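First to last, the sequence lines map onto chains A and B. Just so we're aligned: 355 in our numbering is position 355 of the first sequence, and the numbers increase by one with no gaps anywhere. Just so we're aligned: 201 in our numbering is position 201 of the second sequence, and the numbers increase by one with no gaps anywhere.
All the given hints hold, so there is nothing to weed out.
Pairs of lysine-lysine, DSS-like flavour, derived with a Cα cap of 25 angstroms:
| # | chain 1 | residue 1 | chain 2 | residue 2 |
| --- | --- | --- | --- | --- |
| 1 | B | Lys-197 | A | Lys-101 |
| 2 | A | Lys-392 | B | Lys-256 |
| 3 | B | Lys-54 | A | Lys-54 |
| 4 | A | Lys-181 | A | Lys-256 |
| 5 | B | Lys-181 | B | Lys-392 |
| 6 | B | Lys-392 | A | Lys-256 |
| 7 | A | Lys-341 | B | Lys-341 |
| 8 | A | Lys-140 | A | Lys-93 |
| 9 | B | Lys-93 | B | Lys-140 |
| 10 | A | Lys-364 | A | Lys-319 |
| 11 | B | Lys-93 | B | Lys-116 |
| 12 | A | Lys-140 | A | Lys-172 |
| 13 | A | Lys-392 | A | Lys-364 |
| 14 | A | Lys-392 | A | Lys-181 |
| 15 | B | Lys-256 | B | Lys-392 |
| 16 | A | Lys-319 | A | Lys-378 |
| 17 | B | Lys-197 | A | Lys-116 |
| 18 | B | Lys-392 | A | Lys-392 |
| 19 | A | Lys-241 | A | Lys-256 |
| 20 | B | Lys-54 | B | Lys-116 |
| 21 | B | Lys-204 | A | Lys-116 |
| 22 | A | Lys-116 | A | Lys-101 |
FYI, nobody ran anything at the bench for these hints, they're computed from the structure. Bear in mind that the values here come from a model prediction, so they are computed numbers and not experimental data.
There are 2 protein chains.
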Amino acid sequence: MLIEIIVIGNELISGETRDLNGWYASGCLLSFGLEVNEITTVGDNYETLSAVLKRAVGRSDFVVVTGGLGPTDDDLTTETAATVLDRPLCCNKSLLNHIRKSAQKLGPLWSPSLEKLAWLPRGARILDPNRNICGYSLSKGNSQLYFLPGVPEQMRELMDRFVIPDILRRYKPASVPRHRKLRVYGLSESHIADVFKGLRDELKGAMFGFYPSFPENHITITVRGEDESGIERELTRAEDKIRDILGSYVFASGEKTMEEVIGELLMEREMTLSVAESCTGGLIGHRLTSVSGSSQYFERGAIVYSNRSKVEMLGVRQKTIDSHGAVSDQTVREMAVGVQKAADTDMGLAVTGIAGPLGGTTDKPVGTVFIGLSVDRKVFSGRYLFSGDRDKIKRASAHMALDWVRRYLHGYPFIPGI
Amino acid sequence: MLIEIIVIGNELISGETRDLNGWYASGCLLSFGLEVNEITTVGDNYETLSAVLKRAVGRSDFVVVTGGLGPTDDDLTTETAATVLDRPLCCNKSLLNHIRKSAQKLGPLWSPSLEKLAWLPRGARILDPNRNICGYSLSKGNSQLYFLPGVPEQMRELMDRFVIPDILRRYKPASVPRHRKLRVYGLSESHIADVFKGLRDELKGAMFGFYPSFPENHITITVRGEDESGIERELTRAEDKIRDILGSYVFASGEKTMEEVIGELLMEREMTLSVAESCTGGLIGHRLTSVSGSSQYFERGAIVYSNRSKVEMLGVRQKTIDSHGAVSDQTVREMAVGVQKAADTDMGLAVTGIAGPLGGTTDKPVGTVFIGLSVDRKVFSGRYLFSGDRDKIKRASAHMALDWVRRYLHGYPFIPGI
Chain A
1 MLIEIIVIGN
11 ELISGETRDL
21 NGWYASGCLL
31 SFGLEVNEIT
41 TVGDNYETLS
51 AVLKRAVGRS
61 DFVVVTGGLG
71 PTDDDLTTET
81 AATVLDRPLC
91 CNKSLLNHIR
101 KSAQKLGPLW
111 SPSLEKLAWL
121 PRGARILDPN
131 RNICGYSLSK
141 GNSQLYFLPG
151 VPEQMRELMD
161 RFVIPDILRR
171 YKPASVPRHR
181 KLRVYGLSES
191 HIADVFKGLR
201 DELKGAMFGF
211 YPSFPENHIT
221 ITVRGEDESG
231 IERELTRAED
241 KIRDILGSYV
251 FASGEKTMEE
261 VIGELLMERE
271 MTLSVAESCT
281 GGLIGHRLTS
291 VSGSSQYFER
301 GAIVYSNRSK
311 VEMLGVRQKT
321 IDSHGAVSDQ
331 TVREMAVGVQ
341 KAADTDMGLA
351 VTGIAGPLGG
361 TTDKPVGTVF
371 IGLSVDRKVF
381 SGRYLFSGDR
391 DKIKRASAHM
401 ALDWVRRYLH
411 GYPFIPGI
Chain B
1 MLIEIIVIGN
11 ELISGETRDL
21 NGWYASGCLL
31 SFGLEVNEIT
41 TVGDNYETLS
51 AVLKRAVGRS
61 DFVVVTGGLG
71 PTDDDLTTET
81 AATVLDRPLC
91 CNKSLLNHIR
101 KSAQKLGPLW
111 SPSLEKLAWL
121 PRGARILDPN
131 RNICGYSLSK
141 GNSQLYFLPG
151 VPEQMRELMD
161 RFVIPDILRR
171 YKPASVPRHR
181 KLRVYGLSES
191 HIADVFKGLR
201 DELKGAMFGF
211 YPSFPENHIT
221 ITVRGEDESG
231 IERELTRAED
241 KIRDILGSYV
251 FASGEKTMEE
261 VIGELLMERE
271 MTLSVAESCT
281 GGLIGHRLTS
291 VSGSSQYFER
301 GAIVYSNRSK
311 VEMLGVRQKT
321 IDSHGAVSDQ
331 TVREMAVGVQ
341 KAADTDMGLA
351 VTGIAGPLGG
361 TTDKPVGTVF
371 IGLSVDRKVF
381 SGRYLFSGDR
391 DKIKRASAHM
401 ALDWVRRYLH
411 GYPFIPGI
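Just chain A, with the same shape it has in the complex (with noise of 0.2 angstroms):
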């Protein structure tokens, strides 16, 4: 059994796109046990998009197709589909009839290019009638083909709704691998390489990946077998060996990030948080706040950017900032017990640090960041030195901060600092 994909769009040969469609449907196909055999990428170009088709067709059970199905004249997927399979296009009345009712919602958006979209080749089965880009299947020989939009959100959810299951129906996997991902932070990828090299032998059933994402190390866990409950328990034996062993750096699993992990664990508690942020400049806030419900635990926040800001805004006294500097650990302190105490919330955080790439002195190079933390009537703080450009130093820098939060709600000790 074959299955590939083909992925068209001139953005995707010309260095200006880096391709999301088909690294989605690969993985997607994998996570139901359907390997797939091989991505092509090729341009918005007849001749090569031809030659592509006609090859898939003579040999794959599966073609999943994404991009170019769109309306401009450099969409020429359906054309090119059309000509290979020897299927002329048919205008779709009731395709139509939902482009044209589009119109009156499209307003001035609304163009009559549009009508392109309602003409599909022959005995093309659409998979979602919603859609002006509606998506459709095609049968050529013992070839399934599915073509599916270029816009990620679109191409996933069709995927999702209508092409997996259609395959499934088609072809059953003899079995289907199971993952588990662990996300740790504050461990160094050749350090996690060097606690797994006994564990291989020790855990023979399952196979381990290592994916660094930056600020973060994932972890996957993947088990094959027919048995759902044995594979069940060797996924477990294996996460629970593995968070033995890792301890508080393991942070989340699957899908979860550091912000949902505080998030739960301060409704747990009932706890309410303030940040000041002066380097992070508001990515803290933002990440706290892109947790749906946040607005039950976090309470305000303080971008204080200037040292004006700090005084006013925190309270931080001007005498701190002018023998200490406004990167300090004294300072950090008194921002995190300011907004603490203005915003009344259980926890104070706070970030100062040099982002870069200008700024840094011999004392104090770019990089150098300092946390601190009011909760408890006790205050906390720490210096770190992060590497990189300002976008890493920035989030690095926000990370260390959620890091802290949980480490201090769970009882675990501070990653050390500098």
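On the provided structure of chain A, position chain B as indicated by the hints.
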């Protein structure tokens, strides 16, 4: 002349990792006028890889292969190439020496499996003799093949230093394409497409591409030719024409971001800015402070997530919130005035809205967002309805708010809301 790229790695077809190498190689080749025909992504699998290599040798003049050159058991590229190209593996003595020498440096990371790296297909020309994973090139029939490591930094260096110069020695592109990118915000893709219908005839020397990059749309102009000054003239003619038609919707060219545009405008005018964020939760501050030197014009931000913080930090009247709601025109105006006054800046920018998925009402559904701007003793405000999930609504709101600053400073009208 055909060029293709083969990207190898299980992690790339399992959905674990997004490809960086095919993307980089194709963009890099194109910038030298070398258009890539096809990118093929396959796993570390002997049979699939054999078939793909055979096919490539039969048809392409240049084949860039990346990945699968490492020392571990699943790295199969070199063995497969040796068999498919009929070039038995030979041990390269000087490479072996180099690898053994590096053993001292590596210390405990040394493993005898590294010696495998010294065995290359007969006739392979080493690209960089100073690396253990050296990269090599081979010729077979009319094809030149380049084998590069999968680690992106290593791959890029070999690509830039060896592969591109080698290809250009063997093949001189008739013409080199030059690109310009215009960044558009506030117009739909189909609207832009319609505008271009008429333009294509008028600007025959240029090719256009459209790439949505939420919430922006990017237009690329490509002109090919031999005469640099002629190309530049044609690019400028096309750019001017597009700017004429799209006017204030073109906010930048090249890689310049909205926050950089605003930063430059504020610096030029020696003006300062403060922000008050409710639903964006710090994202506007984060974006403004992602620009180095932003402390010159960005004074502070208030993340006013609770009603109390709106009153306490910005002086919004409790009465206003009680009678009109925290998400209202009246509140956003008081927020903008309040933050401007507190920060004593030239401009005060404010956003309040419902990012969802909960909290929507019939009058104010999820996605309802108010923007306010206080400047020059005037206060402007507007209401928008954005769609998508929480993250998209936050990003759309932040972008629109930043665009207000740009439009005000340029004297353009704001994009109309609802």
